[in-house]
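Chemist: Using the hints provided, position chain X relative to the given structure of chain H.
Chain by chain, the residues run as shown.
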Amino acid sequence: MTAHTITIDGQQVPFIEGQTIIEAATAAGVYIPHLCHNPEFTPHGSCKLCTVKVNGRNCSACTFPAVDGQEVLNDTEELNETRRAITQMLFVEGNHFCPSCEKSGNCQLQAVGYFLNMLDAHFPFFYPSREVDASHPEVMLDRDRCILCELCVRASRDVDGKNVFALSGRGIHTHLIVNSTSGKLADTEISVDDKAVHVCPVGAILVKRTGFEVPIGQRIYDHQDISEVSLAMEESVAGESHGG
Amino acid sequence: MYNREHLLEAAGTPMPLTETEQSVLMRIVDRHAADATQLVQILREVQASFRHIPADAMDSLAAALGIERAQVQAVAEFYTFFSTKPRGRYDILISDSITDHMLGSREIAAYLSERLGIQPGETRSDGQVSFDYTSCTGMCEQGPAGLVNGLTLTQLTRERIDRIVDLVNAGTPVTQWPREFFAVKDNIRRADLILKTELKPGSALKWSNTRGADSTLAEIEKSGLRGRGGAGFSTGMKWKFCRQAKSGPADAPAERYVVCNADEGEPGTFKDRVLLQSYADQVFEGMTLCGRVIGARQGYLYLRGEYLYLGDHLDRVLQERRRNHLLGSNILGEPGFDFDIEVRIGAGAYICGEESALIESLEGKRGVPRNRPPYPVTHGYRNKPTVVNNVETFAAAALIGLKGGAWFADVGTEKSKGTKILSISGDCAKPGIYEYPFGTSIRKILDDCGATNTLGLQIGGPSGIFISDREFDRVLGFEDLPTGGSFMIFDRTRDILEIVRNFTHFFAHESCGFCTPCRVGTSLLRNQLDKLCAGHGAKGDLVELTHISKLVKNTSHCGLGQTAANPILSTLERYPELYEQRLRAKAFEPGFDLDGALEVARRMAGRDDAHAHLEQEAVL
Chain H
1 MTAHTITIDG
11 QQVPFIEGQT
21 IIEAATAAGV
31 YIPHLCHNPE
41 FTPHGSCKLC
51 TVKVNGRNCS
61 ACTFPAVDGQ
71 EVLNDTEELN
81 ETRRAITQML
91 FVEGNHFCPS
101 CEKSGNCQLQ
111 AVGYFLNMLD
121 AHFPFFYPSR
131 EVDASHPEVM
141 LDRDRCILCE
151 LCVRASRDVD
161 GKNVFALSGR
171 GIHTHLIVNS
181 TSGKLADTEI
191 SVDDKAVHVC
201 PVGAILVKRT
211 GFEVPIGQRI
221 YDHQDISEVS
231 LAMEESVAGE
241 SHGG
Chain X
245 MYNREHLLEA
255 AGTPMPLTET
265 EQSVLMRIVD
275 RHAADATQLV
285 QILREVQASF
295 RHIPADAMDS
305 LAAALGIERA
315 QVQAVAEFYT
325 FFSTKPRGRY
335 DILISDSITD
345 HMLGSREIAA
355 YLSERLGIQP
365 GETRSDGQVS
375 FDYTSCTGMC
385 EQGPAGLVNG
395 LTLTQLTRER
405 IDRIVDLVNA
415 GTPVTQWPRE
425 FFAVKDNIRR
435 ADLILKTELK
445 PGSALKWSNT
455 RGADSTLAEI
465 EKSGLRGRGG
475 AGFSTGMKWK
485 FCRQAKSGPA
495 DAPAERYVVC
505 NADEGEPGTF
515 KDRVLLQSYA
525 DQVFEGMTLC
535 GRVIGARQGY
545 LYLRGEYLYL
555 GDHLDRVLQE
565 RRRNHLLGSN
575 ILGEPGFDFD
585 IEVRIGAGAY
595 ICGEESALIE
605 SLEGKRGVPR
615 NRPPYPVTHG
625 YRNKPTVVNN
635 VETFAAAALI
645 GLKGGAWFAD
655 VGTEKSKGTK
665 ILSISGDCAK
675 PGIYEYPFGT
685 SIRKILDDCG
695 ATNTLGLQIG
705 GPSGIFISDR
715 EFDRVLGFED
725 LPTGGSFMIF
735 DRTRDILEIV
745 RNFTHFFAHE
755 SCGFCTPCRV
765 GTSLLRNQLD
775 KLCAGHGAKG
785 DLVELTHISK
795 LVKNTSHCGL
805 GQTAANPILS
815 TLERYPELYE
825 QRLRAKAFEP
835 GFDLDGALEV
845 ARRMAGRDDA
855 HAHLEQEAVL
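Quick note, the sequences are listed as chains H and X, same order. Once you know that position 140 of the first sequence is 140 in this note's numbering, the rest is easy, because the numbers rise by one and skip nothing. Here this note's numbering = 1-based position in the second sequence + 244.
Treat the hints as calculated values from the structure; they're not laboratory data. Because the structure is a prediction, the values reported are computed rather than measured. We put the beta carbon where it would ideally sit given N, CA and C, even for glycine. Hints should not be assumed to be uniformly reliable.
[Stated by the list, open to error] Beta-carbon label-pair distances, calculated as ranges:
1) X:370 x H:192: 43 to 53 Å
2) X:293 x H:215: 55 to 65 Å
3) X:736 x H:67: 47 to 57 Å
4) X:824 x H:181: 49 to 59 Å
5) H:236 x X:492: 51 to 61 Å
6) H:181 x X:586: 26 to 36 Å
7) H:184 x X:458: 52 to 62 Å
8) X:415 x H:130: 36 to 46 Å
9) X:790 x H:130: 46 to 56 Å
10) X:659 x H:184: 51 to 61 Å
11) H:119 x X:426: 49 to 59 Å
12) X:403 x H:186: 52 to 62 Å
So that you can see chain X by itself, here it is in the shape it has in the complex:
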């Protein structure tokens, strides 16, 4: 079966699927009840079975799902974990987050590339293995990390690479690889309200059944809980709006949805991973509570594709909850309290962390953010009222349901109640998960995690801001430093421009391509920064960098574009001298390499003498 792709490539025309392949495909479709909204799930399985999305499979899928072939192709070409060309039987991806870089990922990747004899993006000629880079896999404190056939690899070393290459060459199934390769640790270093308070599964729901949905909502409102994804919208208000929203004609049964955003894609963030691994019951309890408050019968947890390894675990927890009547019909004996949860897995797209793009993906489409208004609370999944909250928000909501709003509001500051779970990585002795009350100073956090000789840190991931060592008295909170929880520390040995370059490449790679300023602008920024870092920048290039940054920030469609220039703007403001040092002493330097452009001509003419080269003059 696996030779067909080579024949296919050689012939240049798609080969029809064999009968066996066709039946594999139809079994996948059947498993998902031929439901087109599950296209991303279906394509995940097709990719896993066929190692790519064959052109013929697109036709069969379109016919079986009752959608257009173009939709299948468009989705297949949008998500990075799908490929229209065959990938290796072992598909290895190395996380390209800056925190992985700092732990030596680039050297590890170079070694892997050398041992496999292939370059990034290539598949070995025997079809056995392919290798590439991928955006942050959320293992920032236990990198260098990667994925093999979608499963998380941590703490990669040269020795481990040697063993992996041997396993690949021997054709040992991934299920038989040493378990320690896949070990993911929690690394909880500081627990507070959310991580310390025990919640017996069902206890918050039981209490809510006793006091009713109105009173539960009142407690959520009283708690002052704000969304933990970073934007900080009031959770109580969101639930209330959704509850009040009309879901359709008055005579039809109300249709509302609860969606948990577990698309934790912001580089440097990994706290949701820990919550899902060790506090899954608490997260599901929060979702169920929300279902009760807003009158939803179905919830979805949208898990980022990089966390595939958590899928089985989450399904087991859900099964257990169903057995204990914490999900299903008449939950805990309450008539009419019906709610269930399904895990849906993404396929490599940072943009799906944006709530409306996430909903599009849940509906089996490309993850393109919608126009707002209307907002998901009135027009969300299937255009019905939907609450989309972060994993941590639901975990907090469950505890508030049990302990009450005042318990939560007692902690934190005026506008930022409760605690915040931080994912700390980078240059510090004790990276991991730290939960702090809002209002805690950066200095205290740096002390606790053992950061010394600190140059600065990136708060809130690439889309957040870079703060320098002159700002360590600033505090966590919506009043000062709001954050989704990413906390990447850099000491004085680090090159800020390299960090910024990594972030800028990330955004260009993750832009969905919908709006002009982000689609074109993030790539322009990437090229402009590459030019500067390569030492080809002149003074005019800095002006241009600022100009493009502002344009992208001010006119983009969604948060991705609006924040994509933050790394550049916040470091330009704090460290202009670092940028200026890279400049050549000229007013203008062309963006393109004139001599380099003549390379093809030289090759065609078979010349490489002095007269076949052009000296490029800069304007002084």
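Same shape as in the complex, but just chain H:
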């Protein structure tokens, strides 16, 4: 096998034919901030947090294929500023009240905010009116916190084989719907063991009665940067899917 390489911020990074930039980066221990990307699922490219410069052009690292000789810029002041603004957009678009959210400390949106040194929301809040669905006995759906990453959509479709979730509407009115006549989660085929229930990067889909089992202060991102956590987790996933 011939060795393929790209450079990320000047560092030589090898890749296997067919890998995306973020896959190559993760394997080499380089963190590129992301939210809608999860190595277990089909690349999506919607959150745009993983925007990198490839030969001078902005691209989504999670969907853009690595090609020999590419020069990728990732950890630059300009890109991180852009990513911070995108994160702020996600915050003002929904209703995210970290102090009262049971996902606080385990939330990737919050963790990315910390990582990017986001100190305020910057943009005016939209305060949308979004529906909370507590109909299911074990699973809770709080759309206020949904960032429209479609990970639950992909997990339910590709892993659970159920198609419980979908995005509907358009533009700023885009919203998550569930697959039932009543529009309620209780009337779908979802079950608490589904992958879709456990893949949400924020607190939109939660398992009921587990909220504060781990106290605030002892949660994943309370002591570790998302960059470290993400690399540790995703390198192992990548390792499995590429046969070690």
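Modeler: Same frame as chain H, now just chain X:
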């Protein structure tokens, strides 16, 4: 049957469909062979029959089509011409393009609203009529325009509104309304290569049968033809890539598609409408030629929903071509040359003009642009190699097939061969269709169409650029001013910021919502510009406007977001003083109205005295 919606709304729970309604629904499904890729077509018919997409119909459709209910709902909630709440028996939409504004559409709409007794977005309580605004309907030179039950209305006047209101109140079927209400003129003012050269139906195909597909492709390549939608990719290269692309396992029959992008949604563009109305044979001939070159057996023409009135006409032309063996099996007696074309109609989504979103829509999904690579030439419709070209590109290709590449390449400039058809509207004496060789100066075009006292013009629609009166020596062409053909002229009586505001609202309305920067950013831009135009902007707000603009431009997923800030950026660059004039003499002004926010509290407390109001202090 029509009372059920009121019962439905009153009860708050969906009523099951009656047996009759269920059979209406199933007839629609049968007409489309229960093919889920035709979901948009099916929902169009459901909307027309039921005046909305009933919740129960979603379940029935999902079951009959073998798809998830959530997919039906998601599609129903994506396109503007679908509604999940009942619209009126007469559903009237007024085009909200800036060119319609300039012809008085807002006053006409206000008058209509007053006469009907309903506000935009409402349905009258008797269920008879609803009224709303809609994005540009492509009648820019014969507005104010609108749609009634999907059919185009032109040249609306107060008198015409009076007559329309009477017809609505009398319950006269739209088919019995005066024909002149629906008259759409071509207004061709200058014809050149494409509009002047006669093409006898079948003549290009006959010639291609004689010289073969390789030689036909060679002529297209030699012509230097580039895509007429605006992006300008080489047509010959696109066809070649598609032809070479593997369509599946080697032992399976090749499956490739030709798609004509007739989703002419860019405000200010209407040349495809004219081509489809008066040159349809030429467009279909170009598609068939492409089918022969790439080895496709099926083509689709994706017509924007606003051009519904063209649907029957196009079907008739296709029928005629089938009768003349210009479509179907063994075209013109050539063994194995099999090709047919179907018209598919959209449902109100500008984003479907983006080729991969168009393909998604053709497959019966929400019009969300795909990730690229892979490109449609290798993974297009049904994931098979697909050529997507603009209407004008196919019209040009047909003539090149007949006359040869050199004939076309003789005209134009080094990098922009041939001619460009422009849709000219706005402040000029003779708006309409003008075809010019590439390389023509803006000044010449303005002279020809009788534009005087011109302040500037928007080239390429809202996603293009605004050029000022200091730039009239610039020329049409990919080297200088590329354009899909929209050419909106503004004279010195116009308010540039109002124009920009109209465009910015348009993008916020049309953003598909897939990626964060466009979904959130276009709405932020809209709000920020509204704040400035309302006189609440401070210096910091201009900085912020630029900041958001660049963010949306540089990080969005597709062309919509990447161009949505162009109107702001190109006018900020040329007319900074116009923005500054609107600013208050302060460094900072809050984005929100503190006193206004207390309104609910005042109402609850039953107070409106001076102490119940707060003065908002600005930071100097």
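Chemist: Indicate, hint by hint, whether the structure satisfies it.
Modeler: Hints and how they fare:
1. X:370 x H:192: 43 to 53 Å: holds, 48 Å
2. X:293 x H:215: 55 to 65 Å: At roughly 57 Å between Cβ atoms, residue 215 of chain H and residue 293 of chain X fall inside 55 to 65 Å, so the hint holds.
3. X:736 x H:67: 47 to 57 Å: holds, 51 Å
4. X:824 x H:181: 49 to 59 Å: About 55 Å separates the Cβ atoms of residue 824 of chain X and residue 181 of chain H, which means 49 to 59 Å holds.
5. H:236 x X:492: 51 to 61 Å: Because 35 Å falls outside the window, the suggested range is violated.
6. H:181 x X:586: 26 to 36 Å: holds, 32 Å
7. H:184 x X:458: 52 to 62 Å: Since residue 184 of chain H and residue 458 of chain X have Cβ atoms about 60 Å apart, the given range 52 to 62 Å holds.
8. X:415 x H:130: 36 to 46 Å: Between residue 415 of chain X and residue 130 of chain H, where Cβ atoms are some 40 Å apart, the hint holds.
9. X:790 x H:130: 46 to 56 Å: violated, 31 Å
10. X:659 x H:184: 51 to 61 Å: Check passed, 58 Å falls within 51 to 61 Å.
11. H:119 x X:426: 49 to 59 Å: holds, 58 Å
12. X:403 x H:186: 52 to 62 Å: Holds: the Cβ-Cβ distance is about 56 Å, inside 52 to 62 Å.
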